[in-house]
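Engineer: Make a model of the complete structure from these sequences and hints.
Listed below, chain by chain, are the residues.
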Amino acid sequence: MAESGLPADAHRRPAGPHPLPADPHALPPPGEWFAPDAERHLLDRPRFCPMCGASLDGGLVSESWAADQRIFLTWCAGCSWLGDVVRYDEVSIDEPEH
Amino acid sequence: MLTVEQNEELTRVGAGTPMGNLLRRYWYPIAFEQDFDARPSKTVRLLGEDWTLYKTPSGRYGIIAERCPHRRASLSYGVVHEDGIRCGYHGWRFALDGRCLEQPAESDNSNFRDRVRAKAGRAQPLGGMVWVYVGPDPAPELPRFDVYVLDGIRDIGYTTLPCNWLQIMENSVDPHHVEWLHGYYFEFLGQIGGFEAPKSFQKKHVRVAFDEFEYGIIKRRMLEGNSDENDDWKIGHPLVFPYGMRVGGQWVDQMQIRVPLDDTHTWKLFYTLHHPEGGRWEHQDRPVAYEFPWRHQDGALITDYVEGQDIMAWVSQGEIVDRSTEHLGRSDAGVAMLRKMFKENMRIVEAGGDPLGTVRTPHEIIELPCEKDKFGAGAAFADQWIKGGSMRYAPIKDELLALHKDAAAARARTAASG
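As they're listed, the protein sequences go chains A and B. So for the first sequence, my numbering puts the first residue at 1; every next one is plus one. So for the second sequence, my numbering puts the first residue at 1001; every next one is plus one.
To be clear, the hints were calculated from the coordinates, so they are not data collected in a lab. Bear in mind that the values here come from a model prediction, so they are computed numbers and not experimental data. Incorrect hints may have been included.
[To be verified] If you want the ones that stay clear, here's a sample from chain B, every Cβ over 12 Å from chain A, calculated: (1) P1057; (2) H1090; (3) T1159; (4) L1181; (5) G1193; (6) I1218; (7) N1230; (8) H1275; (9) T1303; (10) A1333; (11) R1339; (12) G1352; (13) I1365; (14) Y1393; (15) I1396; (16) A1416.
[What the hints assert, rightly or not] Just the calculated beta-carbon pair ranges, DEER-fashion: (17) A/A66 with B/G1378: 28 to 38 Å; (18) A/P46 with B/G1059: 52 to 62 Å; (19) A/G78 with B/I1235: 29 to 39 Å; (20) B/D1097 with A/P46: 44 to 54 Å; (21) A/A54 with B/G1329: 24 to 34 Å; (22) A/A66 with B/K1234: 23 to 33 Å; (23) A/D94 with B/E1187: 48 to 58 Å; (24) A/P46 with B/D1037: 55 to 65 Å; (25) B/R1280 with A/D94: 53 to 63 Å; (26) A/G78 with B/V1079: 18 to 28 Å.
Even glycine gets a Cβ: it sits at the ideal position worked out from N, Cα and C.
Structural biologist: Structure below.
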């Protein structure tokens, strides 16, 4: 299994005499520079609006990074909510001077 | 990063695509008035389609799909009449709105011509350029943005770039690139090339912000040593949705125009108005238009001027940048915001509404917010921009430099006497 939990050959197509056209949505091959992030982006992004609960399929989820933080700028086409959804592996807080 | 599917949706501009439907709701400059001095018609490409743009004897402009509906010959080689254009091949005549008026070889009682209509749009001049609208009726008003209508000396540098227009637009909501591409990188080139790079662009960004407004996104930056009272933050300058950016300083006011010719080609124009306070100039009938170079003869990109550096970034990203393999950071919030704005307005158009920036009310001028004191550089900014940007290729470069220099001296005299 790949680190992502997907089978290592998940991106490959069965060999045959009549190969299908290239799948534009196929993930990059495992081991390529970007593959783990690409997989996680597709798998981890929010699917439903945090405000109204509608599917985000018609909206836009744009991932960016800040150090270890993964931030999904999320726009819902249903209710127009725009905001960040931040994925945490660990919640840590910097205490201000006091 | 985006999915491949999202990237496709945001970058394909042809007829029937979601982005193509959105972009067809706006007017575009596609030629200069002087293009019609020698011949009254020419072929232009816009949004993945070829068009014939023509000027009638009385000075009206028309735009019609290039291929004649009869046997598909080019109407750009047609005969221009006062009320439209006639195909040179068999004489079919079309009105400005695309109706077929005549089919000379067909019998007079034929209603064949009523069943033929060419795709046609609207065209009109503004600011020395010919603008076209090829979307559905009712056509919106052509926005008369300030730089196109104010008095001054105007110069237009233009070129065609082999890349999608969106990657150029994303550059307009990416303030940080200035201090690196036009600051640090320019300085590096100066050091190895033996020239002095302009210093205005080297200041460090402390804070950036993006605000949506009725014509797009206002971009603000606070540079090291400046405060929120500086023009760069207090006023900023706008990305003009969906294909422009208004920028300027020291009475050098510019609209950067990115016309999507098709998915992989963009007509890039720097439309610049010079109108310095204290300056004097003679009335100019037409802007000075010139094609500026961005490649050396060996094919390498010319990077020792500001816009050449931008072009290096846009063109080297590829014809259509693969956004499924990018890594955005927090400083790219403006880029994500722009993508959201496109997506949002695609949906508005699908629902039958007017997208952002549609103007329905006749007007004289639309003034856009734009900083005057750019980068806190004072009067030096105009000089550095003209010498270090694409304006260095302007046939009137020396006149422009003199205009700003004399105006600055006049302002200084006024200040000293006051």
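Engineer: If a hint holds in the structure, say so; if it doesn't, say that too.
Structural biologist: Here's how the hints hold up against the structure:
1. With a least CB separation of 49 Å from chain A, B/P1057 remains clear of the 12 Å interface cut-off, as annotated.
2. Against the 12 Å criterion, B/H1090 stays outside the reach of chain A, whose nearest CB is about 41 Å from its own CB.
3. No Cβ of chain A comes within 12 Å of the Cβ of B/T1159; the nearest lies about 30 Å off, and the non-interface call holds.
4. Taking the minimum C-beta to C-beta distance to chain A, about 20 Å, the non-interface status of B/L1181 holds against the 12 Å cut.
5. Non-interface call for B/G1193 relative to chain A: holds, since the shortest CB-CB distance, roughly 33 Å, exceeds 12 Å.
6. With 12 Å as the threshold on Cβ separation, the claim that B/I1218 sits away from chain A holds: the shortest Cβ distance comes to roughly 16 Å.
7. For B/N1230, the requirement that its beta carbon stay farther than 12 Å from each beta carbon of chain A is met, with the minimum near 26 Å.
8. No beta-carbon of chain A comes within 12 Å of the beta-carbon of B/H1275; the shortest separation is about 38 Å.
9. At roughly 26 Å from the closest C-beta of chain A, the C-beta of B/T1303 stays outside 12 Å, upholding its exclusion from the interface.
10. Against the 12 Å criterion, B/A1333 falls within the reach of chain A, whose nearest CB is about 7 Å from its own CB.
11. Separation of B/R1339 from chain A is inadequate, the least Cβ-Cβ distance of about 6 Å not exceeding the 12 Å criterion.
12. Against the 12 Å criterion, B/G1352 stays outside the reach of chain A, whose nearest CB is about 15 Å from its own CB.
13. Under the 12 Å C-beta cut-off, the non-interface status given to B/I1365 relative to chain A holds; the minimum distance is some 31 Å.
14. Distance check on B/Y1393: its Cβ is at least 37 Å (rounded) from any Cβ of chain A, clearing the 12 Å threshold; non-interface status holds.
15. Non-interface call for B/I1396 relative to chain A: holds, since the shortest CB-CB distance, roughly 43 Å, exceeds 12 Å.
16. For B/A1416, the non-interface assignment is confirmed: its Cβ lies about 50 Å from the closest Cβ of chain A, beyond the 12 Å cut-off.
17. A hinted range of 28 to 38 Å holds for the C-beta pair A/A66 and B/G1378, which are about 35 Å apart.
18. Checked against the given bound of 52 to 62 Å, the beta carbons of A/P46 and B/G1059, roughly 55 Å apart, stay inside it.
19. As the Cβ distance of A/G78 to B/I1235 is approximately 35 Å, the hint placing it in 29 to 39 Å holds.
20. At roughly 47 Å, the beta carbons of B/D1097 and A/P46 sit within the given window of 44 to 54 Å.
21. In this structure, A/A54 and B/G1329 meet the distance hint of 24 to 34 Å, their C-beta atoms being roughly 28 Å apart.
22. In this structure the hint that A/A66 and B/K1234 lie 23 to 33 Å apart at CB holds, the actual value being about 27 Å.
23. In this structure the supplied range 48 to 58 Å is violated for A/D94 paired with B/E1187, their Cβ-Cβ distance being about 35 Å.
24. Checking the proposed 55 to 65 Å range against A/P46 and B/D1037 shows it holds: the Cβ atoms sit about 57 Å from each other.
25. The supplied range of 53 to 63 Å is met by B/R1280 and A/D94, whose beta-carbon atoms lie about 58 Å from each other.
26. Between A/G78 and B/V1079 the beta carbon distance is about 53 Å. The supplied range of 18 to 28 Å is therefore violated.
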